[in-house]
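Participant: Keeping their order, the protein sequence lines are chains A and B. My numbering puts the first residue of the first sequence at 1, with every later residue one more than the last. My numbering puts the first residue of the second sequence at 1, with every later residue one more than the last.
Incorrect hints may appear among the rest.
A pair counts as met if it fits within one copy or between any two copies, since identical chains are not told apart.
[Claimed, not checked] DSBU-like, lysine-lysine: derived pairs with alpha carbons at most 30 Å apart:
1. 38 - 162
2. 131 - 195
3. 76 - 407
4. 98 - 373
5. 126 - 376
6. 5 - 130
7. 376 - 91
8. 6 - 220
9. 56 - 248
10. 76 - 12
11. 76 - 5
12. 126 - 6
13. 401 - 76
14. 91 - 130
15. 248 - 5
16. 126 - 98
17. 6 - 248
18. 248 - 12
19. 130 - 3
20. 220 - 3
21. 6 - 56
22. 131 - 373
23. 6 - 76
24. 376 - 38
25. 220 - 407
26. 126 - 3
27. 162 - 76
28. 373 - 283
29. 12 - 195
30. 376 - 281
No lab work stands behind these hints: they were computed from the structure.
Protein chains: 2
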Amino acid sequence: MDKQKKYLLSEKEIPTQWYNIQADMPNPMLPPLHPGTKQPVGPDDLAPLFPMELIKQEVSKDRWIDIPEEVRNVYKEWRSTPMVRAYGLEKLLDTPAKIYYKYEGVSPAGSHKPNTAVAQAYYNMKEGVKKITTETGAGQWGSALAYACQKFGIDLEVFMVKISYNQKPYRKLLMNTWGAQVFSSPTDLTDSGKKILAEDPNSPGSLGIAISEAVERAAKDPAAKYSLGSVLNHVLLHQSVIGLEALKQMEMAGDFPDIVIAPLGGGSNFAGLSFPFVHEKIKNGKNIRCMAVEPASCPKLTKGEFRYDFGDTVGLTPLIPMFTLGHTFVPAPIHAGGLRYHGASALVSQLLKDNLVEALAVQQLECFDAGVKFAKAEGILPAPEATHGIAAVIREANKAKEEGKSKTILFNLCGHGHFDMSSYQDYFDGKLQDHHFTDEELHSGLNNLNTPKI
Amino acid sequence: MDKQKKYLLSEKEIPTQWYNIQADMPNPMLPPLHPGTKQPVGPDDLAPLFPMELIKQEVSKDRWIDIPEEVRNVYKEWRSTPMVRAYGLEKLLDTPAKIYYKYEGVSPAGSHKPNTAVAQAYYNMKEGVKKITTETGAGQWGSALAYACQKFGIDLEVFMVKISYNQKPYRKLLMNTWGAQVFSSPTDLTDSGKKILAEDPNSPGSLGIAISEAVERAAKDPAAKYSLGSVLNHVLLHQSVIGLEALKQMEMAGDFPDIVIAPLGGGSNFAGLSFPFVHEKIKNGKNIRCMAVEPASCPKLTKGEFRYDFGDTVGLTPLIPMFTLGHTFVPAPIHAGGLRYHGASALVSQLLKDNLVEALAVQQLECFDAGVKFAKAEGILPAPEATHGIAAVIREANKAKEEGKSKTILFNLCGHGHFDMSSYQDYFDGKLQDHHFTDEELHSGLNNLNTPKI
Numbered sequence: 001m002d003k004q005k006k007y008l009l010s011e012k013e014i015p016t017q018w019y020n021i022q023a024d025m026p027n028p029m030l031p032p033l034h035p036g037t038k039q040p041v042g043p044d045d046l047a048p049l050f051p052m053e054l055i056k057q058e059v060s061k062d063r064w065i066d067i068p069e070e071v072r073n074v075y076k077e078w079r080s081t082p083m084v085r086a087y088g089l090e091k092l093l094d095t096p097a098k099i100y101y102k103y104e105g106v107s108p109a110g111s112h113k114p115n116t117a118v119a120q121a122y123y124n125m126k127e128g129v130k131k132i133t134t135e136t137g138a139g140q141w142g143s144a145l146a147y148a149c150q151k152f153g154i155d156l157e158v159f160m161v162k163i164s165y166n167q168k169p170y171r172k173l174l175m176n177t178w179g180a181q182v183f184s185s186p187t188d189l190t191d192s193g194k195k196i197l198a199e200d201p202n203s204p205g206s207l208g209i210a211i212s213e214a215v216e217r218a219a220k221d222p223a224a225k226y227s228l229g230s231v232l233n234h235v236l237l238h239q240s241v242i243g244l245e246a247l248k249q250m251e252m253a254g255d256f257p258d259i260v261i262a263p264l265g266g267g268s269n270f271a272g273l274s275f276p277f278v279h280e281k282i283k284n285g286k287n288i289r290c291m292a293v294e295p296a297s298c299p300k301l302t303k304g305e306f307r308y309d310f311g312d313t314v315g316l317t318p319l320i321p322m323f324t325l326g327h328t329f330v331p332a333p334i335h336a337g338g339l340r341y342h343g344a345s346a347l348v349s350q351l352l353k354d355n356l357v358e359a360l361a362v363q364q365l366e367c368f369d370a371g372v373k374f375a376k377a378e379g380i381l382p383a384p385e386a387t388h389g390i391a392a393v394i395r396e397a398n399k400a401k402e403e404g405k406s407k408t409i410l411f412n413l414c415g416h417g418h419f420d421m422s423s424y425q426d427y428f429d430g431k432l433q434d435h436h437f438t439d440e441e442l443h444s445g446l447n448n449l450n451t452p453k454i
Numbered sequence: 001m002d003k004q005k006k007y008l009l010s011e012k013e014i015p016t017q018w019y020n021i022q023a024d025m026p027n028p029m030l031p032p033l034h035p036g037t038k039q040p041v042g043p044d045d046l047a048p049l050f051p052m053e054l055i056k057q058e059v060s061k062d063r064w065i066d067i068p069e070e071v072r073n074v075y076k077e078w079r080s081t082p083m084v085r086a087y088g089l090e091k092l093l094d095t096p097a098k099i100y101y102k103y104e105g106v107s108p109a110g111s112h113k114p115n116t117a118v119a120q121a122y123y124n125m126k127e128g129v130k131k132i133t134t135e136t137g138a139g140q141w142g143s144a145l146a147y148a149c150q151k152f153g154i155d156l157e158v159f160m161v162k163i164s165y166n167q168k169p170y171r172k173l174l175m176n177t178w179g180a181q182v183f184s185s186p187t188d189l190t191d192s193g194k195k196i197l198a199e200d201p202n203s204p205g206s207l208g209i210a211i212s213e214a215v216e217r218a219a220k221d222p223a224a225k226y227s228l229g230s231v232l233n234h235v236l237l238h239q240s241v242i243g244l245e246a247l248k249q250m251e252m253a254g255d256f257p258d259i260v261i262a263p264l265g266g267g268s269n270f271a272g273l274s275f276p277f278v279h280e281k282i283k284n285g286k287n288i289r290c291m292a293v294e295p296a297s298c299p300k301l302t303k304g305e306f307r308y309d310f311g312d313t314v315g316l317t318p319l320i321p322m323f324t325l326g327h328t329f330v331p332a333p334i335h336a337g338g339l340r341y342h343g344a345s346a347l348v349s350q351l352l353k354d355n356l357v358e359a360l361a362v363q364q365l366e367c368f369d370a371g372v373k374f375a376k377a378e379g380i381l382p383a384p385e386a387t388h389g390i391a392a393v394i395r396e397a398n399k400a401k402e403e404g405k406s407k408t409i410l411f412n413l414c415g416h417g418h419f420d421m422s423s424y425q426d427y428f429d430g431k432l433q434d435h436h437f438t439d440e441e442l443h444s445g446l447n448n449l450n451t452p453k454i
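Only chain A is shown next, with the shape it has when bound in the complex (with noise of 0.2 Å):
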C-alpha cells in the first residue's frame, strides 16, 4: 500500500508567470464604469488608490505575467503547496471518485490570500507607497496582508468588519503581531462608517461597508494607497499560482481533474485554482467541469443578476459588471465571514454567462457538517470559508458513487480554521442554522438599484 499522498513541486518549479485569463476569455468582460460619468473608467481615476503596475495589470491582455524575483522568494516560504490525495475521505464516503485537495492552508497567515498580499504589498513599495489600507472580513485577507506588509515595511490599517471583529479576536492578534493597525468597522474614522452608525448604531458591518471605509481612508491620504483581497483582476491574476502549481501536480499524479471546486465569496479563491483548468478547456477542449460554490446566505451566482454595480455599500468604488446581490445586500450573519460578499467578480460573472464555469449554494450546516468529516477523515481542520468547497465534493462524491462511475475532483481547500474554532464550538453547541431567504429578501437589494444594467 505505498501510495503516493502528496504532491509537492521543488522550488524552481514554482511558476514564474501568473496566467491572466483576459487573454483567452471568448467575451471579454465589460468595461467598469466610473460612478459619476458612467464611463469606463482609465488608469487616472485608479491612480489615487492603486500602485500604476497593478492598474496595468487589471487591463492586460498579455496571458502571462512575469512573477517578480522578489515576490518568489517571499512565495517560497511556503510555495509550493501541496496537492494531497484524500484517501481518507474517500474511505469515509467509501466512494469510486478519486478526490485532490490543493491546500493553501501551509501560508504564514494560514490561507491563499498571501499569494496576491504579497504582490500587492511588494509593486507598493516598488512605487514608494508608505502605507496602505484595506478592509477584511473574517480576517484571512487582513492576516495576509499585514503579512506582507511587514515583509516590504509598509505601513497597514485594516477596517475588520465588526462581527468577525468581535467573534475572531486571535486573527486580529495576529495583525496586530505581524504589525498592523486594526479597526472594528464601522467606525468613525470615515464619513462611510458615520454615515452607517448614524442609520443603526448596532450595524454588525459587512464587508461592503469596511470596503467603504478603507478606500475612503486612502483617497483622503495622498502618501495612501488602497488594497483589495478579492475580485479584481489582478487579485486573480495572482492567484493563479494555485492552479498552475495543481497542473503541474495533477500531471506528476498521472491523473487529470473533471471537476474542480472551490468556495466563492469574491472570487480570488476560485478563480485562482480554475482559471488554470479553464484555459485548458478553452485552449485544448478538455472536458472539465469547474464550479464556484457560494453561501446560501448570500447567493449572488444562483440568485443575483448580472449588471453593473457598486464594489461596496457606499457607492465610492467604479461600477463594475458583475453578478450581484445590490450593493445594500445585507447576508446572514453565518460564520464563512469571507464569503459575505456581494457581488462577484467581473470575470468570474463573465465566465458564468458564457456557461464556462457553473455555481452552486450551499447552506451552512451542511459545510460544518463536511468540515467534521474532513477533519476526521484527513486530520486537517478546514476554514468555514473552505467547508463550502468540501461539502460541494461530498455530493459530487456522493453521486459518482450512485452512478457507480470514478471520476477525479480537485478542490482547493483554501484555508485551516485554526482561527475560527469559536464557529466550530457554535455548531457543535448546536447554535448555528441554516438561512432561507424568501426571494423578496434577496431581490431587495436589487429593486431600488440605479446602476446601469447590461
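Fit chain B to the known structure of chain A by using the hints.
Facilitator: Okay, now just chain B, sitting in the frame of chain A:
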C-alpha cells in the same frame, strides 16, 4: 538571489527506521525501579499500562527499529516536514550565523507530537486495545493522540491540566473534533485526583497530577492502556524521525550544524531532533553541541538533581533515573504548559550527566520576545514551548556576531502557536512576568524526597 529556502524529502525518502540511542550510549541508562520493591521493573510490571511491542522498544538495544508501513502511511499526511533556512531571522539579527529550523508545526495537530502518537496508537490497535488514557498540558499531546486514535479506531480519554483547560478551550475542542473525551484535571474520577482536590480544591493541576490520574484510570480498566507523550524511551525513539530527516536535509543543503537546539519539557522534542546528531558525535567524532532549553520556572536540567524519582506527582509510576526537581515540585504557571514538568527523560538525563548534551534555562519574557521576532521575520507564529528554542538560537546568533564567526545553527520549531493566542494576548498586554525562584524554593521538592539517590 535565487537561494533555496526549504528542504523537503520525497515520501520515499521518509525514514523507514527509527534510531535508538540506547545502542550507542557510552554509559547505558540505569534501570527504572519498581516503587515497592526498588528492583528493576520487568515487562510484566509494565504490561497493564502498555502494549508489549512498546515495552520491547523501551528496553531494546537495537540501533535501528523498523517503522511499520501503516505508521509510515500516516506520517505521509505531513512528513517529511520542511527544514527551512531562516534568512529573515538572520537578517533581523544581522548575524553571520546560518540558521535553519526543522518545522514540525505542519502536522495536523500542529506539533511534533503525532510522530509518537501515531506509532503508539498503531501498536495498541495491533494488540487489540480499545481505549487509551493520557494526560496533556497545553493540549499539544492530547490533540496529537486524539488525531492518532481516530486513525486507528481507538477511544481516548484525556486528562488535561486545569490551567491549560481554561486557557486553551480551542485545543479541547480540537480533541473533541477528533473524537476524544477531555477532562479538567484534577478530577474526581480518580483517587489521585480526589486526593489533590482534598488538599487544594483550587489546584491549577500539573502534568504530574494529570499523569497520576491517567495512569490510575488505565490500571483499573483491563480494556484500557495508558499512553505518555514524552519522557519514556519508546517516545524518544519515535521522535528520532525528526533528526533523521534533518540529517538528510542538511546534506541537501550542503551544510552541517555546529549547534543543535530544541526546547525540553520531558525530552522527546529535544531528543527527536538531537539524538541522530549525538549519534554522529559518538560514531564519527563530529564536533556538535546539542542544547536542551528549559524554562527558568522549571529548571530540572540546570538546577535539579540526578536521582531516582517518580514520573508522576502522586507516585504511581516506576522510579526513573533522571534530573528532577522532585515529583511534588509545582512549576510557576508559565504559558509554555508543555514544559511544566518536574523531571527529564532518563536517556537525556544520562547523556547530560555524560556531557554529551548541554542545557540552558530561559525566562519566559525573553522567550515571547524571541517568538514575536521570529513571527515578524519568518512569518510563522511559534508555540510558547517552541519560543524557548528560538531564544537560545538568538543568544547563539548574537554570540556569533560578537565573535565575528560564522556558525551553523539548527533548531526544532516544534509547533505553531495558533491555539496559544491567549498567551500572546497576555504578553502584548503586559500581563506576563518572569519567575525568579530562590534556591530554597527550587530545592523544596528535593529536600524530603525519599526515593533512591544515584
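Participant: Hint by hint, note whether the structure agrees.
Facilitator: How the hints compare with the structure:
1. 38 - 162: neither (32 Å within a copy, 63 Å between copies)
2. 131 - 195: within (25 Å within a copy, 59 Å between copies)
3. 76 - 407: For residue 76 and residue 407, only the inter-copy Cα distance (24 Å) is at most 30 Å; the intra-copy one is 32 Å.
4. 98 - 373: Within one copy only: 17 Å inside, 42 Å across.
5. 126 - 376: Classified as between: cross-chain Cα gap 21 Å, same-chain 45 Å, threshold 30 Å.
6. 5 - 130: Between. Shortest inter-copy distance 28 Å satisfies the 30 Å Cα cut-off; intra-copy 43 Å does not.
7. 376 - 91: within (11 Å within a copy, 40 Å between copies)
8. 6 - 220: Neither: 48 Å inside a chain and 42 Å across chains, both beyond 30 Å.
9. 56 - 248: Within one copy only: 28 Å inside, 45 Å across.
10. 76 - 12: both (9 Å within a copy, 23 Å between copies)
11. 76 - 5: both (21 Å within a copy, 6 Å between copies)
12. 126 - 6: Cα proximity of residue 126 and residue 6: across copies only (26 Å, versus 36 Å in one copy).
13. 401 - 76: Close across copies (27 Å), not inside one copy (39 Å); limit 30 Å.
14. 91 - 130: For residue 91 and residue 130, the Cα distance is within 30 Å only across copies (21 Å; inside one copy 51 Å).
15. 248 - 5: For residue 248 and residue 5, the Cα distance is within 30 Å both inside one copy (16 Å) and across copies (21 Å).
16. 126 - 98: between (44 Å within a copy, 29 Å between copies)
17. 6 - 248: both (13 Å within a copy, 19 Å between copies)
18. 248 - 12: both (13 Å within a copy, 19 Å between copies)
19. 130 - 3: Only across copies: residue 130 and residue 3 sit 28 Å apart there, 49 Å inside one copy, limit 30 Å.
20. 220 - 3: neither (57 Å within a copy, 40 Å between copies)
21. 6 - 56: neither (37 Å within a copy, 33 Å between copies)
22. 131 - 373: For residue 131 and residue 373, the Cα distance is within 30 Å only across copies (22 Å; inside one copy 42 Å).
23. 6 - 76: both (18 Å within a copy, 7 Å between copies)
24. 376 - 38: So residue 376 and residue 38 fail the 30 Å test inside a copy (52 Å) and across (44 Å) alike.
25. 220 - 407: Close neither inside one copy (53 Å) nor across copies (50 Å); limit 30 Å.
26. 126 - 3: between (45 Å within a copy, 21 Å between copies)
27. 162 - 76: Neither: 33 Å inside a chain and 40 Å across chains, both beyond 30 Å.
28. 373 - 283: So residue 373 and residue 283 fail the 30 Å test inside a copy (37 Å) and across (47 Å) alike.
29. 12 - 195: neither (51 Å within a copy, 60 Å between copies)
30. 376 - 281: neither (34 Å within a copy, 41 Å between copies)
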